[in-house]
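In case it helps, the numbering used here puts the sequence shown at residues 134 to 370.
Treat the hints with caution; some may be incorrect.
Now the in silico label distances, taken between C-beta atoms and shown as ranges [what the hints assert, rightly or not]: (1) Asp146 x Asp193: 47 to 53 Å; (2) Val246 x Ala211: 47 to 53 Å; (3) Met213 x Arg293: 14 to 20 Å; (4) Arg205 x Pro314: 27 to 33 Å; (5) Ala354 x His315: 44 to 50 Å.
Honestly, the hints are just simulated from the structure, not real lab data. All residues carry an ideal CB built from backbone N, CA and C; glycine is no exception.
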Amino acid sequence: MAMTTGHTVKAFDDDLGELRALVSEMGGRAEAAVNDAMEALVRRDLELAARVVEQDRRIDEIELEIERRVIRLIALRAPMADDLREVLAALKISGVVERMADYAKNIAKRVPVLAEARGLEPISILPAMARAVSDMVRATFDAFAARDAEAAVAVCESDRIVDDFYNSLFRTLLTYMLENPHNITPSTHLLFIGKNLERIGDHSTNVAEMVYFAATGHQMAERPKGEDVLMQRDTPR
Numbered sequence: 134m135a136m137t138t139g140h141t142v143k144a145f146d147d148d149l150g151e152l153r154a155l156v157s158e159m160g161g162r163a164e165a166a167v168n169d170a171m172e173a174l175v176r177r178d179l180e181l182a183a184r185v186v187e188q189d190r191r192i193d194e195i196e197l198e199i200e201r202r203v204i205r206l207i208a209l210r211a212p213m214a215d216d217l218r219e220v221l222a223a224l225k226i227s228g229v230v231e232r233m234a235d236y237a238k239n240i241a242k243r244v245p246v247l248a249e250a251r252g253l254e255p256i257s258i259l260p261a262m263a264r265a266v267s268d269m270v271r272a273t274f275d276a277f278a279a280r281d282a283e284a285a286v287a288v289c290e291s292d293r294i295v296d297d298f299y300n301s302l303f304r305t306l307l308t309y310m311l312e313n314p315h316n317i318t319p320s321t322h323l324l325f326i327g328k329n330l331e332r333i334g335d336h337s338t339n340v341a342e343m344v345y346f347a348a349t350g351h352q353m354a355e356r357p358k359g360e361d362v363l364m365q366r367d368t369p370r
């Protein structure tokens with residue numbers, strides 16, 4: 134670490150603490166966006182859906198603030214080794230969380246389209262899938278706050294649960310669409326919602342891998358991706 138006085142060390146620690154707090158705030162807001170978007174879908178709450186879309190701006194603002202702080206911190210404090218890893222991890226994590234929030238926003242944007250889709254049975258799979266995703270996001274940022282490498286590994290392992298939900302949803306919706314052509318349009322929207330949730334889970338594992346690297350200085354061992362995850366194309370916007 135390129136600090137030579139107690140005052141400078143404290144200033145760096147304060148800056149790093151503020152950076153961590155901003156990243157944690159982004160994570161909390163992303164988790165809330167997922168929960169609110171799904172609640173809006175289940176309740177057909179257009180006002181709540183619109184609020185999710187609007188609040189995404191704050192997440193974008195925090196990402197820009199983190200970028201400014203990282204540039205300033207590197208320029209003025211010249212962090213090295215563990216400190217540099219943590220600073221760069223915060224920058225990379227903020228970019229991933231911004232994309233996670235975009236997926237939640239995309240879910241909210243589909244609520245008005247599905248507001249009249251009453252009695253669509255496969256929709257019952259989505260709340261359970263969303264809870265699994267929300268749990269992943271929360272566990273990811275708990276690991277970040279604690280700099281807990283083992284907890285980060287556990288997050289990556291839990292991604293299989295989300296993949297299983299998505300595969301189940303895909304097959305259920307495919308059957309539903311084949312049974313009645315009128316189900317095709319709403320089922321397609323539900324499929325995209327499921328895909329958005331699956332991608333949020335994937336991004337949670339990406340963040341967990343960065344947490345692991347920041348904590349240990351090593352890359353996490355490559356995790357096998359479920360072979361049966363369908364439609365892997367990444368389309369957040």
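Review point. When the hints from earlier in the document are held up against this structure, which numbers fail?
Key: 1, 3 and 4
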